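J.: Listed below are the residues making up each chain.
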Amino acid sequence: MSAENSEKRDIRILAIESSCDETAAAVVKNGREVLSNTIYSQIDLHTLYGGVVPEIASRKHIEKINQVIKTSLNEAGCTLPDIDAIAVTYGPGLVGALLVGVSEAKAISFATGIPLVGVNHIEGHICANFIEHPDLKPPFMCLVASGGHSHLVLIKDYGEYEIIARTHDDAAGEAFDKVARAIGLGYPGGPKIDRISKEGNPDAIAFPRGKVEGSEYDFSFSGLKSAVLNYLNGCRMKGEEFSQADVAASFQKAVIEVLVGHSLKAAEDYKVSTFAIAGGVASNSSLRAEFVKECKARGIDFYYPSPVYCTDNAAMIGVAGYFEYMKGYRSGYDLNAVPGLGIGEKQGVRKA
Amino acid sequence: MKIIGIDSSGLVASVAIWEDDTVIAEYSTNYKKTHSQTLLPMLDQIKKMTDLDMDTVDAIAIAAGPGSYTGLRIGSATAKGIALALDIPIVEVPTLEGLAYNMWGTTDLVCPIMDARRKQVYAGIYEFDPELNAVYPQSATDIYDITDKLNEFGSPVIFLGDGVPAYGEIIKERMKVPFKYAPANKNRQSAASVVSLGAIYFKEGKAINADDHSPVYLRKSQAENEGPQNFEV
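Protein sequence lines, in the order shown, are assigned to chains A and B. The opening position of the first sequence corresponds to residue 387 in the working numbering, with each subsequent residue numbered one higher. The opening position of the second sequence corresponds to residue 770 in the working numbering, with each subsequent residue numbered one higher.
It is possible that part of the hints are untrue.
Stated by the list, open to error - Here chain A is said to cover these stretches of chain B; the calculated rule only asks that three of the stretch's residues, wherever they fall, bring their Cβ under 8 Å from a Cβ of chain A: (1) 795-806; (2) 834-842; (3) 850-858; (4) 985-992.
In short, the hints are calculated from the structure, not lab data. Keep in mind that this is a model prediction, so the values were computed, not measured. C-beta atoms are modelled at their ideal positions from N, C-alpha and C, and glycine is treated no differently.
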């Protein structure tokens, strides 16, 4: 550990994340520098079922969690006495899965006296942008799109979030998964649709662009999903073959147009000059390309994380946890998993 | 020698501290609050109350299953986290052995029963001669299987556990040998029992690396039972 009398002491956060199907731990220095980022992915187990099975995910988390944490500390060249705080995802996510990480983190904090801070998974996704972009500072707007979430969020300051838009039905990533399954690509849908879309014609089929009456920034993807299913049914009734690549590319274009369109409208209305994306869907190559192009045309600075920081990981939790810790937030041994935790909401996380 | 005991396998949340053949603290609640909110605050209380220096703890004894899946994992993650931080091992105590140990010394057979839902129970049949011995090891089964076995053995029985209120009628109807129910101070999970039995196992060298511990569920997940073809995510 650096000396107490040095000008600015380094702060190391051990982060633990188990909200879905990745068991992850990381050590992050000063909120920006990732010393280690360990992920045990269970995806092969869940692929059999076409999606994440909560009980299987929870069982795997408890099996792997100690190894993942130890690997992360080792790779960071740290032991627990070097750690200033433990950050853990306590929501949103699968309750049984979250409880493994939360219980483990609390126990380590209890046994060592290292302070604990509960972190919001979605805020973690947003904070993933700080890792590779030292120049990125609030205020900025961020689109968070993943298998469970689609939000437009205004980051007013570190740790201060205002929700600008949300989805009224399916999350963007959920739509990717459902359409991928329907056209026979399998799980997980996002990367598979991204890949095959490159061989398809995005204008082959005119799928609808979802709108929500009365809330211009909000998202709706269930109509689009139904339109794809109807199209596939129509093909089957007529005994026609459909092109996987064309359906994928046309569907993807419809999703991206809505995500980018609503994002940039909100960015302009709120007069933000910086925009970022986060979450699993943010690793979609066409979405990134479209944002790059459209932001450039409007003079908006655009940021996105590397794919490894888009999908679930603990480094992002360490970053979000750092800012919470520095603001004085702490959690007690009664911290609980909050599966429906909202962005900007706190339960069991208080100023010390 | 000091060992921490934890049982969160059912509705009861229970923690205890064992020191040199005596339980120096136990804290149990049988209340609807989630274990995530109760278990560690309770352990913190008894730690403070007994001025426990965590660096002097030698092992964690845990009710290692069966039980409520989530409850078990909260206990296991708590045990694994403490063990990781202190670099100490875990002693796995089968949940029903821990429960049976409440009745140490009886000459009757002891039959702890937990309500496992889906018309099943987790149960085992134990005797003391003088230490705990499994006559029928813990299993996920139905109550009829258990009463049949007990009638076959022919000895008097003490029942305990949260399966008793759930299956009392059937027990009364089916049992052909004398039986009684454990009293209120003995009829639920107790970390004092888990840690006392765990201490014996610890001395016998049965502790394991905490990293390798995960609960014994005795049942597959519903998804695994139904198979990928039939299970809708």
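J.: Could you run down the list of hints and mark each one as holding or not?
T.: Tested hints:
1. Evaluation of the coverage hint for the stretch 795-806 of chain B: fulfilled, as 3 residues show C-beta separations to chain A shorter than 8 Å, against a requirement of three.
2. Coverage of the stretch 834-842 of chain B by chain A holds. Counting CB-CB distances below 8 Å, 3 residues qualify, and the rule asks for three or more.
3. Taking a C-beta to C-beta cut-off of 8 Å, the stretch 850-858 of chain B contributes 6 residues in contact with chain A, enough for the three needed, and the coverage statement holds.
4. Proximity of the stretch 985-992 of chain B to chain A, defined as three or more residues with a beta carbon under 8 Å from a beta carbon of that chain, is established by the 4 residues found.
Comparing the model with each earlier hint shows no violations; every hint is respected.
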